[in-house]
Amino acid sequence: MSTALVWSIDAALVLLGLAMACGAFRMLWGPRAQDRIVGFDSLYVSAMLLLLTFGIRTGSMLYFEAALMIALLGFVGTVAFAKFLLRGEVIE
Amino acid sequence: MNGAQELPVLSVILTAVLLIGGAAITLFGALGLLRLRTFYERAHAPTLGTTLGTGCIAAASMIYFSTLGTWPVLHEVLVIGFVTVTTPVTLTILVRAALLRDRFENAGDVAQNGGRSSLKGIRPNPSE
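Order-wise, the sequence lines are chains C and Y.
Here the first sequence stands for residues 1 to 92, where the numbers follow the numbering used here.
Here the second sequence stands for residues 1 to 128, where the numbers follow the numbering used here.
Source of the hints: derived by calculation from the structure; they are not laboratory data.
Every residue, glycine too, gets a C-beta built ideally from N, C-alpha and C.
One or more hints might be untrue.
[To be verified] FRET-style restraints, in silico, Cβ to Cβ:
1. C:Gly17 x Y:His75: 16 to 26 Å
2. C:Asp10 x Y:Leu74: 40 to 50 Å
3. Y:Ile13 x C:Trp29: 31 to 41 Å
Kindly generate the complete structure, drawing on both the sequences and the hints.
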């Protein structure tokens, strides 16, 4: 793999890690519950993109499946949290 | 990763630019999550990452694996489509929940009825 591609992949990994840190900050110190849920949403999307980038780094397609799984479960989790805030219970 | 020395220059440049661009756009969205003041402003910021960031990084992955192998790899379209479909659903439910909570507690900048409501010009206020 050419050196320029390795450097750009590493830089993208660092940027996505900083994005994950911002989402984690909003999830941990959010003033209200909905802020924490928005932080969680941003966190899992950044983690999914980090896994896609890491899959390019290692040249393996396995990370793609993990990224798809994170997207699915993150969507279900966020909708469950939002439904809980809206109605007081998840499954009525 | 030993068999990738013969990658074409164009695909390397495209992959690198799309990766850096997508990661930077995602970081800008997450920084907006830190800097904006109210929840209703903050809910908009991470969608930068879910639309353009995901599109750029998935396109980079498609270009890289397509030039690495012998046939086009298009799995990442699944990620783009799924994230594009699910993000509006999630944020609509979440903002509706936040609006309900703010109205219930009479908090924030949320009008109860009439007042500064955005529906004022659309729906006639029955008390007027």
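Hint check:
1. At about 24 Å, the CB distance of Gly17 of chain C to His75 of chain Y agrees with the hint of 16 to 26 Å.
2. Checked against the hint of 40 to 50 Å, the pair Asp10 of chain C and Leu74 of chain Y fails, with Cβ atoms roughly 26 Å apart.
3. Judged by the Cβ atoms, the range 31 to 41 Å given for Ile13 of chain Y and Trp29 of chain C holds: they are separated by roughly 40 Å.
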